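All residue numbers for the sequence shown refer to the working numbering, where the first residue is 1 and numbers rise by one.
SDA-like, lysine to any residue: derived pairs with alpha carbons at most 25 Å apart:
#	residue 1	residue 2
1	K94	T333
2	K94	R159
3	K28	L39
4	K344	R30
5	K336	F323
So the derived label-pair ranges between C-beta atoms look like this:
#	residue 1	residue 2	range
6	F220	R98	18 to 28 Å
7	N251	G127	34 to 44 Å
8	G374	K231	48 to 58 Å
9	L188	V252	16 to 26 Å
10	T10	P52	18 to 28 Å
11	G374	M229	48 to 58 Å
Because the hints were derived from the structure by calculation, they are not lab data. Remember, it's a predicted structure, so these values are computed and weren't measured experimentally. Cβ coordinates follow ideal geometry from the N, Cα and C atoms, glycine included.
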Amino acid sequence: MAFDITLTMTYFAFLLGFGVIIANLLKKARIPDTFFLLLLGLILGPTVFMHPFVMQYVNVVLVDVSAMGAVPDFLRILALILVVFTGTFNLSWKVFKRFSDVSVNLAFVGVVFSTAFLGLIAHLIFGFNPVYALLLGAVISGTGTGVLYAFEHSLSRSRRALAIIKVESIFNSPLTVLLPIIFLDLVLMEPGALFEPMKYLALFWQMIVAGVGTGIIIGFAVSKIMRGMLKEYSSLILFSIALITYALAENVGGSGMLAVAICGLISGNLVLSEREKEEVKRFEDQLSEMLRISVFTLLGAQVMLPFDFNQLLIAFIFFLIVFFSRPIFLIPTLGKQRKKFDRKDLVLMSFVAPRGLAAAAMAPIIATVLTGIGSPEVGTQMVNIIFLVILFSVLFSTVVAGIMSTRYVQDMGKEEKPPKPKEPEEPKQPKEPEKPREEKFLEEAEQAVG
1 MAFDITLTMT YFAFLLGFGV IIANLLKKAR IPDTFFLLLL GLILGPTVFM
51 HPFVMQYVNV VLVDVSAMGA VPDFLRILAL ILVVFTGTFN LSWKVFKRFS
101 DVSVNLAFVG VVFSTAFLGL IAHLIFGFNP VYALLLGAVI SGTGTGVLYA
151 FEHSLSRSRR ALAIIKVESI FNSPLTVLLP IIFLDLVLME PGALFEPMKY
201 LALFWQMIVA GVGTGIIIGF AVSKIMRGML KEYSSLILFS IALITYALAE
251 NVGGSGMLAV AICGLISGNL VLSEREKEEV KRFEDQLSEM LRISVFTLLG
301 AQVMLPFDFN QLLIAFIFFL IVFFSRPIFL IPTLGKQRKK FDRKDLVLMS
351 FVAPRGLAAA AMAPIIATVL TGIGSPEVGT QMVNIIFLVI LFSVLFSTVV
401 AGIMSTRYVQ DMGKEEKPPK PKEPEEPKQP KEPEKPREEK FLEEAEQAVG
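Whenever a hint applies, use it, and build me the whole structure from the sequences.
What follows is the structure, encoded as structure tokens:
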């Protein structure tokens with residue numbers, strides 16, 4: 001279908017307008033909105049209105065993403081850049097230093113393990129060839145933190161676990177974009193061409209080094225740029241810098257997302273005061289919220305789910321494997337440090353790990369590439385699987401977080417902590433009330449004399 005700017009604006013207005021209304025209502029009720037944004041897109045998209053049964057009575061297309069040209073892909077990339085930048089921009093050095101070791105290990109081990117393990121499962125269940133299966137595993141290997149913000153206040157006793165989950169999601173976001181790109185290169189490789197592992201290892205390190213280098217250089221350059229800027233333009237210049245960082249890193253062969261993450265961390269901690277940071281945060285929160293709503297509703301509107309019970313059941317079984325596979329690498333990766341967490345924290349870190357914006361943004365890009373090489377059926381099937389994994393993971397993570405945030409569970413976790421045996425060691429209390437009044441009296445007397 002030819003690109004029509006008026007039609008594109010109409011579709012975008014539908015998705016964003018209804019999405020904002022739903023997000024507003026759910027935020028008031030302190031309910032995570034991702035699940036419902038995906039459902040909104042699903043209802044407005046072809047799954048409902050292009051179903052043969054519905055088309056017998058109603059012939060209307062509320063949203064057709066295929067008619068929007070490159071706009072959805074642009075919004076997805078923009079959303080990824082802003083989410084990664086704001087995630088590290090709002091991360092303090094103290095939190096980063098305290099939890100970076102554990103979070104980096106979880107992010108790296110989690111993405112690599114999930115890519116390999118879920119790739120194998122996808123190969124066995126769906127019959128994808130190994131490269132396609134690993135591509136699917138890489139896309140859904142990362143985690144998001146959208147569910148946590150609704151329960152952050154009620155989960156205040158699990159701050160350490162929450163911080164680790166947040167920092168982990170920041171670190172695994174670049175990896176969940178980087179690995180699918182490598183597998184897409186393998187997919188696009190010409191038949192008969194030799195696979196050279198060292199070539200891709202070199203490419204991987206080039207992306208890492210060039211990405212980190214670009215992020216560091218631009219991050220420190222921001223401090224000089226910001227000195228001559230008015231406060232009103234601080235938000236806009238930082239947003240522009242995030243885009244420039246991504247573009248420069250990509251043009252020199254680096255990971256744009258990793259560069260944006262490093263730049264955000266440096267500029268957020270070394271450039272602005274806390275007051276200026278709050279002003280910037282207000283602007284970026286609104287913009288990133290708009291993009292987040294757009295990405296999830298667009299994904300739902302692009303999916304054409306089959307109403308085949310067997311296919312949906314197989315996809316649900318695959319999701320259950322995804323959901324329950326996290327503890328397999330989480331517990332060993334924590335090692336001795338798991339003793340610092342009670343059962344409640346371990347349950348949170350194990351099962352509150354929804355697939356987020358990175359997976360939602362990468363899915364349609366993969367479908368476009370696979371369609372371009374003559375595999376539209378595989379591309380459509382992958383998008384449907386990724387959509388269902390995101391949908392179910394958000395739902396299950398929300399339920400787990402909701403249960404863990406109840407007062408009963410929080411109090412139960414408090415009772416389980418074993419530091420209480422130290423209380424009987426306080427029979428030394430009789431020494432404390434020895435001369436409290438006399439000491440106060442003497443102090444007051446000395447002050448009066450002085």
